[in-house]
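A.B. asks: Each chain is listed here by its residues.
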Amino acid sequence: GQQVMQIPQYQHVQEGEDFTTYCNSSTTLSNIQWYKQRPGGHPVFLIQLVKSGEVKKQKRLTFQFGEAKKNSSLHITATQTTDVGTYFCAGPYGGTSYGKLTFGQGTILTVHP
Amino acid sequence: DAGVIQSPRHEVTEMGQEVTLRCKPISGHDYLFWYRQTMMRGLELLIYFNNNVPIDDSGMPEDRFSAKMPNASFSTLKIQPSEPRDSAVYFCASTPRATGLSMNTEAFFGQGTRLTVV
Numbered sequence: 001g002q003q004v005m006q007i008p009q010y011q012h013v014q015e016g017e018d019f020t021t022y023c024n025s026s027t028t029l030s031n032i033q034w035y036k037q038r039p040g041g042h043p044v045f046l047i048q049l050v051k052s053g054e055v056k057k058q059k060r061l062t063f064q065f066g067e068a069k070k071n072s073s074l075h076i077t078a079t080q081t082t083d084v085g086t087y088f089c090a091g092p093y094g095g096t097s098y099g100k101l102t103f104g105q106g107t108i109l110t111v112h113p
Numbered sequence: 001d002a003g004v005i006q007s008p009r010h011e012v013t014e015m016g017q018e019v020t021l022r023c024k025p026i027s028g029h030d031y032l033f034w035y036r037q038t039m040m041r042g043l044e045l046l047i048y049f050n051n052n053v054p055i056d057d058s059g060m061p062e063d064r065f066s067a068k069m070p071n072a073s074f075s076t077l078k079i080q081p082s083e084p085r086d087s088a089v090y091f092c093a094s095t096p097r098a099t100g101l102s103m104n105t106e107a108f109f110g111q112g113t114r115l116t117v118v
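In order, the protein sequence lines correspond to chains A and B. Going letter by letter, the first sequence gives residues 1 to 113 in this note's numbering. Going letter by letter, the second sequence gives residues 1 to 118 in this note's numbering.
Hints are computed from structural coordinates only; laboratory data are not their basis. Hints are supplied without guarantee of correctness; some may be wrong.
[What the hints assert, rightly or not] One-sided and incomplete, this derived list gives chain B residues near chain A with beta-carbon spacing under 7 Å:
no.	residue
1	42
2	43
3	45
4	54
5	56
6	104
7	106
8	109
9	111
10	112
Note that beta-carbon positions come from the ideal geometry of N, C-alpha and C, so glycine has one too.
With the hints as extra help, turn the sequences into a complete structure.
C.D. replies: Here is the structure:
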């Protein structure tokens, strides 16, 4: 079954509003990655988090890795229409710290101008 | 580097026919992944290779699916016979292994193959 759950599945926001997606793992992760997929496109790597409690920022995007390394979040401040797409978290499953890169179901973000 | 290259970009085939999807990973990458994406099931990992060796194929739906990696620069995913429920976008991705860190690094995805089985 699915080992990493993402919520919400869908999010509709007005341009300028904030957006957050959450990723929860059934097991402790050595690291977690985030990807963005534009409509009709392919997943593109955004960032990787490794340390417990780690927080990283990329312009309007803030990524957090939980203290227990079982959950993560992506927060977008003041969304823009260019933020539209599906955001995925991904982690290595299969008993090792690398290899079996498994994706969450993704959160589909729609931004209304 | 041109990135991960998949072919064909689109494939329409009739039920029962054999379908072969192709992937050329980025040179020097140790890992190659095959994913299937549908609205219902999201992005599913089908199989992955490390240094051309299949490591985990537990995501392969059934015996109709098979994957090979005869060398470091080429992999195929074959469906025989194909069924309408196989219709999906199939992605290939490759990633290097971060030296000394024992963890995955950034996965680079191909453009995908959109498969339609009628």
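A.B. asks: If a hint holds in the structure, say so; if it doesn't, say that too.
C.D. replies: Hints versus structure:
1. 42: Holds: closest Cβ of chain A sits about 4 Å from residue 42 of chain B, inside 7 Å.
2. 43: Where the cut-off is 7 Å and the nearest Cβ of chain A is about 4 Å from residue 43 of chain B, the hint holds.
3. 45: Since chain A brings a Cβ to about 6 Å from residue 45 of chain B, closer than 7 Å, the hint holds.
4. 54: violated, 12 Å
5. 56: Holds. Min distance 5 Å.
6. 104: holds, 5 Å
7. 106: For residue 106 of chain B, the interface hint holds, since the closest Cβ of chain A sits about 4 Å away, which is under 7 Å.
8. 109: holds, 4 Å
9. 111: With a closest approach of 6 Å, the residue 111 of chain B hint holds.
10. 112: Cβ of residue 112 of chain B sits 5 Å from chain A, so the hint holds.
Consistency with the previously given hints fails for number 4 only.
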